[in-house]
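Chemist: What follows is each chain in one-letter form.
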Amino acid sequence: MSLARRLLISVPYTWLLALFLVPFLIVLKISLSDYANSIPPYTPTLEVGEGWSGIKEFWSALDFENFVFLTEDALYIKAYWSSLKIAALATFFTLLIGFPFAYGIANAPQEWRPSLLMLIILPFWTSFLIRIYALIGIISNDGFLNQFLMWIGAISDPLVIMNTNLAVYIGIVYTYLPFMVLPIYATLEKLDSSLLEAAQDLGCTRISAFWSVTVHLSKPGVIAGCFLVFIPALGEFVIPSLLGGSRTLMIGKVLWEEFFSNRDWPLASAVAVILLLVLIIPIVLLQRNEQMQREQNK
Amino acid sequence: MNADAPFAPWEDETATPLIEFSNVTKRFGTFTAIDDIDLKIYPQEFFALLGPSGCGKTTLMRMLGGFETVTDGRITIDGTDMNGIPPNKRAVNMMFQSYALFPHLTVAQNLAFGLKRSDMPKSEIDGRVEEMLRLVQLQKFASRKPHQMSGGQRQRVALARALAKAPKLLLLDEPLGALDKKLRQETQFELMDIQEKTGTTFVIVTHDQEEAMTVASRIAVMDHGKLKQVDTPDRIYEAPSSVYVADFIGDVNIIEGQVTQLAEDTAELSWGEGKPAIRGMAGENLSISTSGAFAVRPEKVAIFTEEPMDRHNRVSGIVEDIAYLGNMSTYYVRLESGALIKSQIANNRRISRRSITWGDTVWLSWTDTAGIVLAS
Ligand SMILES: Nc1ncnc2c1ncn2[C@@H]1O[C@H](COP(=O)(O)OP(=O)(O)OP(=O)(O)O)[C@@H](O)[C@H]1O
Ligand SMILES: [Mg+2]
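Protein chains in written order, with the numbering used here: chain D, 1 to 298; chain R, 299 to 674.
FYI, nobody ran anything at the bench for these hints, they're computed from the structure.
Just so you know, these numbers come straight off a predicted model, no measurement behind them.
We put the CB at the ideal spot given by N, CA and C, even for glycine.
Hints are not guaranteed to be accurate.
Keeping only pairs whose Cα atoms sit at most 20 Å apart, straight-line, the calculated SDA-like set for lysine to any residue is [unchecked claim]: (1) R:K420 <-> D:S208; (2) D:K190 <-> R:L403; (3) D:K190 <-> R:P444; (4) R:K387 <-> D:L196; (5) R:K414 <-> D:V215; (6) D:K190 <-> R:Q395; (7) R:K443 <-> D:D192; (8) R:K526 <-> R:L337; (9) R:K443 <-> D:Q291; (10) R:K387 <-> D:S194; (11) R:K387 <-> D:S208; (12) R:K414 <-> D:R206.
According to the in silico footprint, chain D covers these stretches of chain R (three or more CB under 8 Å from chain D) [to be verified]: (13) 378-390; (14) 405-419.
Use the sequences and the hints to build the structure in full.
Modeler: What follows is the structure, encoded as structure tokens:
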């Protein structure tokens, strides 16, 4: 390999090393430390100046105490479990809404498609936080939705959506919809319409042709979309803390509280390490899905 | 029907057609893609649709398959009006121009796709798939995915899939378009063989007139949504009903002029001051003293170095070009009138012994029945 090529390849690796691996190792190190009322709020700290004995001393002070604690206090397991449930259910709802969106755009007249896609992406141009606050303005007790429904007389008392799990679902679906729509659209748009006709020709009704051709062939897009929604939703913190109630339990929120309210960095780091391990499984699955898709398109 | 009689149900008044188009019109918005067509196709025919791009061949097929509705008129298949009957309820299968194989299914699963959705018992499906694979000689490829096969193999899978349900009618939209010439010819014979074995009625769309001539029992020549002529390949070639058809099928020399004489099956055309009229067969709808065109195939035009006094049809000109095609040569002869006439001569002799070269003055001649006088 020439030097130039080696140099070129080393750029992304250096990037990953500096911005992923090193921070991760730091977090891992902190998660193995103990809480201390100092700055930084953990111990031990590595004293390189003391040479070999300093490193040895540092090493012997690390332990898995925090991880053990995570398994002992039911709060954490519950929080992980509840996050998984909320993320999975929210992903399902996003799929339920996103698929028809993608299907509609893919079947719209050619000249409309770019504008329709633009409409899907447009909200990204506004800050995420502002969008969440805008959502609060819509779904809160005296928000637009309730005002409108009461005005047309559909309800007499405002619907309580804010500070419930429902608000969290609405928030996740609303925020992550484009991540679902875009990959599904990409697979549907490539779909050869003669495949649908061939299916009908071979005895399918319109609906069964849709099922056995369109749905089947959009699977890679659906899987990619689901992971792209599920992975960030699992660690989501802003949505549950702004829209969810006190009983909405999500690991992202727990993490934040450990860090900033309790200042227990080591425990918070342990929570983060476990979260990362949990996420590695879907990330690997997502990559395998993409690999498969590439092979099929060859 | 007498077993020895040639297959020609279209000449039999009592034969019942499998497909009947009555005054069928198809419009897309204001554009008329199919214009008031009447057509009968008989069981076990190998029927070819031929015509320039955009003339409505695919549209005609899609109406048979149930993918396009008929704007006006009626299509019946096996005596049943097809209006409003969806594709899955028709005993018709289509082989798509793009093959339309399901990329996520193996070859065997592609073949089984239609069978699973038919009333065939589950236990018989595997056997039928096996039989179809054997028919197109793809037994070894049963578990491959379409993207792992060559264009020719995919095309055979598509054919087998369309045949698997044993349809009454098989529609083939440019099935051989993607193949090279040699494979194309092989497949043409394979198609004919399969058609004979299965007894299915084939309707094939093609751009390639040679292909249509090879495989078809009858050919329909289309233009701008109309049928210009529906006839057997030899009649289309030998007795085209219009200049359009003569020009579309094969190579042809056209000489324009005035119809001066008209008998029952011969006609004469005067085509230049002081030149003797050309004599040929009389085409359809010909009337005397109107303008007409004489059409003659290049291989029916003989070439002489001296004036052939014993022939009625003879014209002279200068050899402008000679195209050597291996088994034959084409001579391009410019007449005094400016018309360019082609004469095609089989190369029975070695090149060195050919006596005609560029710039020679030659005589061209053809028999009285070699060409046809057509209304223009
Ligand atoms: N869905 C449609 N909407 C509007 N016009 C159409 C549609 N389908 C076909 N046409 C028009 O009808 C005409 C006939 O089309 P068709 O596809 O039948 O041609 P074709 O003879 O099969 O041509 P080719 O040999 O190029 O395949 C064309 O002018 C085409 O533009
Ligand atoms: Mg076509």
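Chemist: The structure should be examined with respect to each hint, and the outcome stated for every one.
Modeler: Outcome of the hint check:
1. Between K420 (chain R) and S208 (chain D), the direct Cα distance comes to roughly 19 Å. Compliance with the 20 Å bound is thereby established for this hinted pair.
2. For the hint pairing K190 (chain D) with L403 (chain R), the CA-to-CA distance comes to about 17 Å; that is within 20 Å, so the pair holds.
3. A distance of roughly 17 Å separates the Cα atoms of K190 (chain D) and P444 (chain R); the hinted pair therefore holds under the 20 Å criterion.
4. The hinted pair formed by K387 (chain R) and L196 (chain D) meets the criterion: a straight-line CA distance of about 15 Å does not exceed 20 Å.
5. Between the alpha carbons of K414 (chain R) and V215 (chain D) the distance comes to roughly 18 Å, so the proposed pair stays at or under 20 Å and holds.
6. The straight-line distance between the Cα atoms of K190 (chain D) and Q395 (chain R) is roughly 17 Å, inside the 20 Å bound, and the hint therefore holds.
7. As the CA atoms of K443 (chain R) and D192 (chain D) are separated by approximately 17 Å, the hinted pair is consistent with the 20 Å bound.
8. Restraint check: the Cα-Cα separation between K526 (chain R) and L337 (chain R) comes to about 12 Å, which is no more than 20 Å; the hinted pair holds.
9. For the proposed pair K443 (chain R) and Q291 (chain D), the alpha carbon gap of about 17 Å is at most 20 Å, so the pair holds.
10. A hinted pair counts as satisfied when its Cα atoms are at most 20 Å apart, and K387 (chain R) with S194 (chain D) qualifies at roughly 18 Å.
11. Only pairs whose Cα atoms come within 20 Å are accepted, and K387 (chain R) paired with S208 (chain D) is accepted, the gap being roughly 14 Å.
12. Taking the CA atoms of K414 (chain R) and R206 (chain D), the gap is near 16 Å; set against the 20 Å cutoff, the hint holds.
13. Against chain D, the segment 378-390 of chain R contributes 4 residues with a C-beta closer than 8 Å to a partner C-beta. That satisfies the three-residue criterion, and the hint holds.
14. Counting residues of the segment 405-419 of chain R whose beta carbon lies closer than 8 Å to any beta carbon of chain D gives 4, which meets the minimum of three for the stated coverage.
Every hint from the earlier list agrees with this structure, and none is contradicted.
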